[in-house]
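Visitor: These protein sequence lines are chains Z and P, in that order. End of the first sequence = 212 in the numbering used here, gap-free, step of one. End of the second sequence = 1212 in the numbering used here, gap-free, step of one.
Hints were generated in silico from the structure; no laboratory data involved. A hint or two may mislead.
Claimed, not checked - So the derived label-pair ranges between C-beta atoms look like this:
{"no.": "1", "chain 1": "Z", "residue 1": "Gly69", "chain 2": "P", "residue 2": "Glu1036", "range": "48 to 56 Å"}
{"no.": "2", "chain 1": "Z", "residue 1": "Gly136", "chain 2": "P", "residue 2": "Arg1016", "range": "32 to 40 Å"}
{"no.": "3", "chain 1": "Z", "residue 1": "Lys35", "chain 2": "P", "residue 2": "Glu1160", "range": "54 to 62 Å"}
{"no.": "4", "chain 1": "Z", "residue 1": "Glu39", "chain 2": "P", "residue 2": "Lys1210", "range": "29 to 37 Å"}
{"no.": "5", "chain 1": "Z", "residue 1": "Glu39", "chain 2": "P", "residue 2": "Ala1045", "range": "38 to 46 Å"}
{"no.": "6", "chain 1": "P", "residue 1": "Lys1027", "chain 2": "Z", "residue 2": "Asn118", "range": "38 to 46 Å"}
{"no.": "7", "chain 1": "P", "residue 1": "Lys1125", "chain 2": "Z", "residue 2": "Ser46", "range": "50 to 58 Å"}
{"no.": "8", "chain 1": "P", "residue 1": "Glu1182", "chain 2": "Z", "residue 2": "Ser7", "range": "32 to 40 Å"}
To be verified - The calculated lysine-lysine pairs, modelled on BS3-like cross-linking and capped at a C-alpha distance of 27 Å, are:
{"no.": "9", "chain 1": "Z", "residue 1": "Lys164", "chain 2": "P", "residue 2": "Lys1120"}
{"no.": "10", "chain 1": "Z", "residue 1": "Lys210", "chain 2": "P", "residue 2": "Lys1110"}
{"no.": "11", "chain 1": "Z", "residue 1": "Lys103", "chain 2": "P", "residue 2": "Lys1027"}
{"no.": "12", "chain 1": "P", "residue 1": "Lys1117", "chain 2": "P", "residue 2": "Lys1071"}
{"no.": "13", "chain 1": "P", "residue 1": "Lys1125", "chain 2": "Z", "residue 2": "Lys125"}
{"no.": "14", "chain 1": "P", "residue 1": "Lys1117", "chain 2": "P", "residue 2": "Lys1164"}
{"no.": "15", "chain 1": "Z", "residue 1": "Lys71", "chain 2": "P", "residue 2": "Lys1211"}
{"no.": "16", "chain 1": "Z", "residue 1": "Lys82", "chain 2": "Z", "residue 2": "Lys117"}
{"no.": "17", "chain 1": "Z", "residue 1": "Lys100", "chain 2": "P", "residue 2": "Lys1211"}
{"no.": "18", "chain 1": "P", "residue 1": "Lys1145", "chain 2": "Z", "residue 2": "Lys211"}
{"no.": "19", "chain 1": "Z", "residue 1": "Lys71", "chain 2": "P", "residue 2": "Lys1210"}
{"no.": "20", "chain 1": "P", "residue 1": "Lys1027", "chain 2": "P", "residue 2": "Lys1117"}
{"no.": "21", "chain 1": "P", "residue 1": "Lys1082", "chain 2": "Z", "residue 2": "Lys103"}
Stated by the list, open to error - Here chain Z is said to cover these stretches of chain P; the calculated rule only asks that three of the stretch's residues, wherever they fall, bring their Cβ under 8 Å from a Cβ of chain Z:
{"no.": "22", "segment": "1016-1026"}
{"no.": "23", "segment": "1112-1126"}
{"no.": "24", "segment": "1131-1139"}
{"no.": "25", "segment": "1182-1193"}
Note that the Cβ used here is the ideal one computed from N, Cα and C, for glycine as well.
Protein chains: 2
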Amino acid sequence: MKNSKISNAVINRLPRYRRYLIELQKKGVEKISSKEFSELIGYTASQIRQDLNNFGGFGQQGYGYSVDGLKSEIDAILGLDKEYRMVIIGAGNLGHAITKYAKSITAGFKVCGVFEKNEKLIGTKLEGMEIMSYEGIVEFVEKEKIDIGVICVNGDSAQEVADKLCFAGIKGIWNFARVDIEVPPHVALESMQLSDNLHALAYHMNDIRKKR
Amino acid sequence: MKNSKISNAVINRLPRYRRYLIELQKKGVEKISSKEFSELIGYTASQIRQDLNNFGGFGQQGYGYSVDGLKSEIDAILGLDKEYRMVIIGAGNLGHAITKYAKSITAGFKVCGVFEKNEKLIGTKLEGMEIMSYEGIVEFVEKEKIDIGVICVNGDSAQEVADKLCFAGIKGIWNFARVDIEVPPHVALESMQLSDNLHALAYHMNDIRKKR
């Protein structure tokens, strides 16, 4: 893989390519041209060639892309050829939801523990795991070599939780709190603002109706 | 409000402005300059002025923005001054998670029903609501004047569910299935690909480590 400087836009498109490649694998498709891929995924063929050229020339002129080969290469680029160990912080509705989701869908990502400040919840079970006290999180992250902290607390304490995770040596934070948080440059951060997305949907619904 | 042609990028930033305005309201702040807002939210002051000018000049030279005024105006732009009626389709892990989430956080968005194909789940309760048969969804959407369908089924049937919702006259679709779906132009669509976001996080974690 070439891997010089790849834009965030390209990185954000790779998981989508990957999803389509998995669908093609399921259907037994072995190779695909950029034109066919374009019709499937909705990007232009030239966009697809440009995106995938960032990582070296998988595609052969007149042959197209090997579905298995491209999928493996994207896995390697994204780092999905290893396992990541996660902790969930916050065992309220949101934490429960995300724990369920993470346990059900994400091959390569293992939920190793759930932490909570609310004493009433500590010691109870969530998805088969005993909820632990937030007090012990730094020790747990260090000892269990946790890679990713998933922040599911409410906004008020999200930054404090992020600071603690960074102090404990976490490598990445996946933030579901409804506030933006800051992390030092050696920690990766992705935020899911579900309500922002829902609010954008409301806008588009109204916008479509105004135009009709 | 002016409201000519506003880019998607601006629309996607408005919910974020709104979250910061709500924080300011909680702290009792009544007005804010674009410079102060810039330090808070992390966009440049000129970006902020440009974004908000899309909707008419709220800001007064030398005074800044009225926090309440700007929040109300953004609510009106996004269409958050009304209530939206939602149905959730799919009562598995993901549907349960999203129902919990939607019920706990989204003022202005009301979950009116949960639908499922799996006969074992139909008639059981989810978050206090009786899970209904997917067979009855068109009638329910029409009769209950449902605005938004939230797709939480697995990928294989997501497009079929979307087609049915569109047939029933839905105005917007919020898609959590792990596939991309297509809708006619009069229906608004937003997709949340949680796993895409997690995969981008994995990439950035590895990228940071390579550079160190």
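Visitor: Each hint: holds or not?
Guide: Against the structure, the hints come out as follows:
1. Range check, Z:Gly69 to P:Glu1036: Cβ separation about 52 Å, and the 48 to 56 Å hint holds.
2. Distance hint for Z:Gly136 and P:Arg1016: a CB-CB separation of about 33 Å, consistent with the stated range 32 to 40 Å.
3. The hint said 54 to 62 Å for the Cβ distance between Z:Lys35 and P:Glu1160, and at roughly 27 Å that hint is violated.
4. Checking the proposed 29 to 37 Å range against Z:Glu39 and P:Lys1210 shows it holds: the Cβ atoms sit about 35 Å from each other.
5. Checked against the hint of 38 to 46 Å, the C-beta distance between Z:Glu39 and P:Ala1045 comes to roughly 44 Å, which is consistent with it.
6. For the pair P:Lys1027 and Z:Asn118, the beta carbons lie near 25 Å from each other, so the given range of 38 to 46 Å is not met.
7. Roughly 52 Å separates the CB atoms of P:Lys1125 and Z:Ser46, a value that falls within the hinted 50 to 58 Å.
8. Between P:Glu1182 and Z:Ser7 the CB atoms are about 26 Å apart, so this pair departs from the stated range of 32 to 40 Å.
9. At roughly 43 Å between alpha-carbon atoms, Z:Lys164 and P:Lys1120 are farther apart than 27 Å, so this suggested pair is violated.
10. Taking the CA atoms of Z:Lys210 and P:Lys1110, the gap is near 23 Å; set against the 27 Å cutoff, the hint holds.
11. About 38 Å separates the Cα atoms of Z:Lys103 and P:Lys1027, which puts this hinted pair outside 27 Å; it is violated.
12. Restraint check: the Cα-Cα separation between P:Lys1117 and P:Lys1071 comes to about 41 Å, which exceeds 27 Å; the hinted pair is violated.
13. Distance restraint check for P:Lys1125 and Z:Lys125: the Cα-Cα separation of roughly 20 Å lies within the 27 Å cut-off, and the hinted pair is therefore satisfied.
14. Between P:Lys1117 and P:Lys1164 the CA atoms are separated by roughly 13 Å; this keeps the pair inside 27 Å, and the hint holds.
15. Distance restraint check for Z:Lys71 and P:Lys1211: the Cα-Cα separation of roughly 24 Å lies within the 27 Å cut-off, and the hinted pair is therefore satisfied.
16. Between Z:Lys82 and Z:Lys117 the alpha-carbon distance is near 31 Å, which puts this suggested pair outside the 27 Å criterion.
17. A threshold of 27 Å between alpha carbons decides the hint, and for Z:Lys100 with P:Lys1211 the separation of about 34 Å lies outside it, so the pair is violated.
18. Taking the CA atoms of P:Lys1145 and Z:Lys211, the gap is about 21 Å. The hint holds against a cut of 27 Å.
19. For the suggested pair Z:Lys71 and P:Lys1210, the alpha carbons sit about 22 Å apart, so the restraint of at most 27 Å is met.
20. Between P:Lys1027 and P:Lys1117 the alpha-carbon distance is near 47 Å, which puts this suggested pair outside the 27 Å criterion.
21. For the hint pairing P:Lys1082 with Z:Lys103, the CA-to-CA distance comes to about 35 Å; that exceeds 27 Å, so the pair is violated.
22. Remark: the segment 1016-1026 of chain P is confirmed as covered by chain Z, as 4 of its residues place a Cβ nearer than 8 Å to a Cβ of that chain, reaching the required three.
23. Note: the segment 1112-1126 of chain P has 0 residues with beta-carbon separation from chain Z under 8 Å; the three-residue rule is not met and the coverage is violated.
24. Counting residues of the segment 1131-1139 of chain P whose beta carbon lies closer than 8 Å to any beta carbon of chain Z gives 0, which falls short of the minimum of three for the stated coverage.
25. For the segment 1182-1193 of chain P, the stated coverage by chain Z is satisfied: 8 residues place a CB nearer than 8 Å to a CB of that chain, which reaches the threshold of 3.
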